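**Student:** Please model the complete structure; the sequences and the hints are all you need to start from.
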Amino acid sequence: MVVLLPVLAALGLYGAQRLLAVPQVSARSVAAAAPLQPLIDAAPVGAIVRPPPGRYAGPVLIDKPITLDGDGKVVVDGAGRGTVVTVKTDGATVKGLHVTGSGDQHNDMDAGIRVEGRGNVVRDNTIEESLFGIDLQQASDNIVRRNRITSKGPA
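If you count the sequence shown from 1, position 79 lands on 79 in this note's numbering, and the numbers rise without skipping.
Straight-line alpha carbon distances no greater than 27 Å define the calculated DSSO-like cross-link-like pairs of lysine-lysine that follow:
hint: 1; residue 1: 95; residue 2: 152
hint: 2; residue 1: 152; residue 2: 73
hint: 3; residue 1: 152; residue 2: 88
hint: 4; residue 1: 73; residue 2: 88
Simulated from the structure, these hints should not be mistaken for lab results. In this text, all values refer to a predicted model and were calculated from it rather than measured experimentally.
**Tutor:** And the structure:
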């Protein structure tokens, strides 16, 4: 079954809509989770990406100014490896996600969400089972607001 996901184009395109076909996701397990990266890769600059509710496999790299909005119904699971969501751009927004399962390597600074850049917004996310909740590196003028973070439990 395929769900059509509306992705709003950049304001320069005067509100034009683009539809992306994505597989429907069940919340059974990380192994069965659909990857989120193809939706992000297909989104044009300035798009608002609202994946259908469900569980998605990380890691995710946001490398252009888009908004990723989980509306409180999207889980991104890193399966215990590395950083789950990386924002490596200026002007992106990550909101309404449930991010879980980063790696546990201090040397790699494994995090739920890592931000590198300027003018990004990370808000209203739930981050669980992550070594570092939100990691800002080479970052300035970012907004981090109303995120709920819990660390990894003892091994």
